[in-house]
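S.K.: Listed below are the residues making up each chain.
Number of protein chains: 2
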Amino acid sequence: MKLALNHKSPIPLHIQAEELLRKMIADPQFQNGKLLPNEIDLANQLAISRTTLRQALNKLVYEGLLIRKKGVGTKVADAMISSKSANWLSFSQEMKARGIPIKNFELHVSWIYPEEVIANFFNIKTDQKILKLERLRGKPEGPFVYFVSYFHPRTGLTGEEDFKRPLYDILQADYNIISELSKEEISAKAADKFIASKLETEPGSPILFRKRFVFDQADRPIEYNLGYYKADSFIYTVESRRS
Amino acid sequence: MKLALNHKSPIPLHIQAEELLRKMIADPQFQNGKLLPNEIDLANQLAISRTTLRQALNKLVYEGLLIRKKGVGTKVADAMISSKSANWLSFSQEMKARGIPIKNFELHVSWIYPEEVIANFFNIKTDQKILKLERLRGKPEGPFVYFVSYFHPRTGLTGEEDFKRPLYDILQADYNIISELSKEEISAKAADKFIASKLETEPGSPILFRKRFVFDQADRPIEYNLGYYKADSFIYTVESRRS
DNA sequence: GAACCAAATATGTACAAACATAGTGATTTA
DNA sequence: TAAATCACTATGTTTGTACATATTTGGTTC
Chain A
171 MKLALNHKSP
181 IPLHIQAEEL
191 LRKMIADPQF
201 QNGKLLPNEI
211 DLANQLAISR
221 TTLRQALNKL
231 VYEGLLIRKK
241 GVGTKVADAM
251 ISSKSANWLS
261 FSQEMKARGI
271 PIKNFELHVS
281 WIYPEEVIAN
291 FFNIKTDQKI
301 LKLERLRGKP
311 EGPFVYFVSY
321 FHPRTGLTGE
331 EDFKRPLYDI
341 LQADYNIISE
351 LSKEEISAKA
361 ADKFIASKLE
371 TEPGSPILFR
381 KRFVFDQADR
391 PIEYNLGYYK
401 ADSFIYTVES
411 RRS
Chain B
171 MKLALNHKSP
181 IPLHIQAEEL
191 LRKMIADPQF
201 QNGKLLPNEI
211 DLANQLAISR
221 TTLRQALNKL
231 VYEGLLIRKK
241 GVGTKVADAM
251 ISSKSANWLS
261 FSQEMKARGI
271 PIKNFELHVS
281 WIYPEEVIAN
291 FFNIKTDQKI
301 LKLERLRGKP
311 EGPFVYFVSY
321 FHPRTGLTGE
331 EDFKRPLYDI
341 LQADYNIISE
351 LSKEEISAKA
361 ADKFIASKLE
371 TEPGSPILFR
381 KRFVFDQADR
391 PIEYNLGYYK
401 ADSFIYTVES
411 RRS
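Chains as they are written, first to last, in our numbering: chain A, 171 to 413; chain B, 171 to 413.
Source of the hints: derived by calculation from the structure; they are not laboratory data. It cannot be assumed that every hint is accurate.
It does not matter which identical chain is used: a pair holds within one copy or between any two.
Below 30 Å or equal to it, Euclidean Cα-Cα: the simulated DSS-like pairs (lysine-lysine) are [as the list claims (entries may be wrong)]:
hint, residue 1, residue 2
1, Lys363, Lys273
2, Lys359, Lys240
3, Lys229, Lys245
4, Lys178, Lys204
5, Lys353, Lys299
6, Lys353, Lys193
7, Lys245, Lys193
8, Lys309, Lys353
9, Lys381, Lys299
10, Lys368, Lys229
11, Lys229, Lys178
12, Lys359, Lys309
13, Lys239, Lys295
14, Lys295, Lys245
15, Lys381, Lys309
16, Lys334, Lys368
17, Lys368, Lys178
18, Lys273, Lys381
19, Lys204, Lys359
20, Lys309, Lys229
21, Lys381, Lys368
22, Lys239, Lys368
23, Lys240, Lys193
24, Lys245, Lys353
25, Lys334, Lys381
26, Lys239, Lys302
27, Lys178, Lys273
28, Lys302, Lys229
29, Lys240, Lys295
30, Lys240, Lys381
Remember, it's a predicted structure, so these values are computed and weren't measured experimentally.
Input sequences plus hints: build the corresponding full structure.
M.R.: As structure tokens, then:
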């Protein structure tokens with residue numbers, strides 16, 4: 171890996187350092203608890219001060235990607251698949267940041283008549299067709315999550331979009347819809363036959379189930395999303411402060 | 171508001187400054203877009219360097235509580251962050267609020283030597299005994315959650331407390347410790363024999379597992395908590411808004 | 001009065017230096 | 001041999017300093 175920054179660039183050095191560190195985090199060379207180079211050496215190699223380097227490190231520590239320990243060193247946080255609330259990174263962006271390679275197993279688009287619950291949430295009639303998106307994603311070894319999304323007609327999605335791009339990108343860039351608010355319900359359940367077959371596991375095996383309601387800037391419903399995560403392949407993290 | 175830090179305290183100045191800033195953030199005086207004092211003045215008032223003050227400011231900016239603007243100043247961000255809705259209610263308070271009658275099945279207090287993980291989190295040695303609290307609770311028909319809590323020696327808990335009172339009450343009222351920050355990890359797993367027997371279910375049946383790290387006002391660890399919820403008896407809700 | 005310019009103000013970036021403290025491992029001591 | 005000590009390493013804390021850059025403000029000129 172090339173360890174050098176462009177001191178002539180108008181991009182601040184600590185931002186450049188942060189980018190570089192993100193690449194290091196995704197590098198298998200530093201996985202499995204192996205330590206990063208120490209701050210002083212790394213700062214010297216990059217020809218920046220330790221303070222500036224720490225500025226970059228702090229940001230990544232705060233994001234939970236790095237773990238520092240006094241007297242020992244800095245290592246990449248365990249690449250357990252996790253999702254931080256109030257973190258608006260998309261699934262693939264987040265996995266990428268952690269250097270977890272993602273494989274898309276299935277992607278299926280259809281137009282369906284919504285069930286009662288969904289029609290109710292979207293505040294539409296059950297005879298108005300809506301877009302349904304099913305996705306099976308996971309590691310190269312096998313799938314670990316099955317997503318189902320339903321979209322409000324208001325989104326304008328045609329079903330012809332390239333759903334390999336992050337969803338929130340598509341909505342924002344192409345349809346000017348910003349996902350502002352998300353309400354989620356997380357629970358555990360046993361896999362039924364359908365889910366078990368999708369996730370290549372046994373019926374009855376534990377599943378982390380996430381129901382997600384997404385709203386736009388005007389608090390209007392735009393997406394209804396179900397996620398079935400294979401147990402132990404996914405951890406949901408929440409941070410909350412009294413105030 | 172008293173603007174002074176204790177330079178003799180072993181608590182780092184940037185942590186003290188952070189605490190003070192949190193109080194300022196909560197102060198109506200600085201709400202509604204009014205600017206905080208500028209960095210240089212504030213640093214002078216607190217008798218710390220601007221760098222140290224910025225260390226504290228940065229943390230709050232990362233958390234989305236403060237917004238800085240070059241050439242203008244720093245103001246408190248418009249409220250509305252993540253998920254504190256039902257989060258700070260105690261278990262029994264929450265169930266009460268939902269009209270669910272609660273039965274306490276077991277309550278067991280013991281002093282144990284901490285495992286590596288816990289000692290590490292508490293930053294203590296594994297040969298220092300800590301208080302462990304186990305609780306089995308649920309509906310009158312049967313238990314649905316098994317809690318295990320470990321407490322940092324700093325809490326001062328003796329094990330003689332009346333644990334039928336809400337925990338956070340005991341800590342706050344009797345020991346002047348406020349649970350400020352909580353980090354949680356939620357995942358699904360299969361019940362092992364022990365958990366299954368406690369929850370009166372089958373080994374292998376799905377469990378919602380919640381690991382909780384609780385910190386005090388100075389971000390010092392005070393509690394490590396594990397919760398095993400029978401599937402479908404518990405739903406975790408999160409609300410998050412893009413900042 | 002409008003346009004322009006310059007000073008004042010506040011945050012942003014960056015460095016060098018020093019000392020503190022936690023963890024590790026080797027060396028010395030009881 | 002086991003415990004105590006010490007040196008070493010890496011991060012943690014803190015200061016002082018300097019210059020850069022965005023924004024606002026007030027004065028000057030046309």
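S.K.: Determine for every hint whether it applies to the structure shown.
M.R.: Now the hints, each set against the structure:
{"no.": "1", "hint": "Lys363 <-> Lys273", "in the structure": "within (23 Å within a copy, 35 Å between copies)"}
{"no.": "2", "hint": "Lys359 <-> Lys240", "in the structure": "neither (41 Å within a copy, 33 Å between copies)"}
{"no.": "3", "hint": "Lys229 <-> Lys245", "in the structure": "both (14 Å within a copy, 21 Å between copies)"}
{"no.": "4", "hint": "Lys178 <-> Lys204", "in the structure": "neither (32 Å within a copy, 37 Å between copies)"}
{"no.": "5", "hint": "Lys353 <-> Lys299", "in the structure": "within (24 Å within a copy, 41 Å between copies)"}
{"no.": "6", "hint": "Lys353 <-> Lys193", "in the structure": "both (21 Å within a copy, 27 Å between copies)"}
{"no.": "7", "hint": "Lys245 <-> Lys193", "in the structure": "within (13 Å within a copy, 33 Å between copies)"}
{"no.": "8", "hint": "Lys309 <-> Lys353", "in the structure": "both (27 Å within a copy, 27 Å between copies)"}
{"no.": "9", "hint": "Lys381 <-> Lys299", "in the structure": "within (21 Å within a copy, 41 Å between copies)"}
{"no.": "10", "hint": "Lys368 <-> Lys229", "in the structure": "neither (37 Å within a copy, 42 Å between copies)"}
{"no.": "11", "hint": "Lys229 <-> Lys178", "in the structure": "both (23 Å within a copy, 29 Å between copies)"}
{"no.": "12", "hint": "Lys359 <-> Lys309", "in the structure": "both (22 Å within a copy, 19 Å between copies)"}
{"no.": "13", "hint": "Lys239 <-> Lys295", "in the structure": "between (44 Å within a copy, 16 Å between copies)"}
{"no.": "14", "hint": "Lys295 <-> Lys245", "in the structure": "between (42 Å within a copy, 22 Å between copies)"}
{"no.": "15", "hint": "Lys381 <-> Lys309", "in the structure": "both (22 Å within a copy, 25 Å between copies)"}
{"no.": "16", "hint": "Lys334 <-> Lys368", "in the structure": "within (19 Å within a copy, 45 Å between copies)"}
{"no.": "17", "hint": "Lys368 <-> Lys178", "in the structure": "neither (49 Å within a copy, 61 Å between copies)"}
{"no.": "18", "hint": "Lys273 <-> Lys381", "in the structure": "both (22 Å within a copy, 29 Å between copies)"}
{"no.": "19", "hint": "Lys204 <-> Lys359", "in the structure": "between (36 Å within a copy, 28 Å between copies)"}
{"no.": "20", "hint": "Lys309 <-> Lys229", "in the structure": "within (27 Å within a copy, 34 Å between copies)"}
{"no.": "21", "hint": "Lys381 <-> Lys368", "in the structure": "both (18 Å within a copy, 28 Å between copies)"}
{"no.": "22", "hint": "Lys239 <-> Lys368", "in the structure": "neither (41 Å within a copy, 37 Å between copies)"}
{"no.": "23", "hint": "Lys240 <-> Lys193", "in the structure": "both (23 Å within a copy, 29 Å between copies)"}
{"no.": "24", "hint": "Lys245 <-> Lys353", "in the structure": "both (26 Å within a copy, 20 Å between copies)"}
{"no.": "25", "hint": "Lys334 <-> Lys381", "in the structure": "within (21 Å within a copy, 33 Å between copies)"}
{"no.": "26", "hint": "Lys239 <-> Lys302", "in the structure": "between (46 Å within a copy, 26 Å between copies)"}
{"no.": "27", "hint": "Lys178 <-> Lys273", "in the structure": "neither (38 Å within a copy, 55 Å between copies)"}
{"no.": "28", "hint": "Lys302 <-> Lys229", "in the structure": "neither (32 Å within a copy, 34 Å between copies)"}
{"no.": "29", "hint": "Lys240 <-> Lys295", "in the structure": "between (45 Å within a copy, 16 Å between copies)"}
{"no.": "30", "hint": "Lys240 <-> Lys381", "in the structure": "between (40 Å within a copy, 25 Å between copies)"}
Hint compliance for this structure: hints 2, 4, 10, 17, 22, 27 and 28 are broken, all remaining hints hold.
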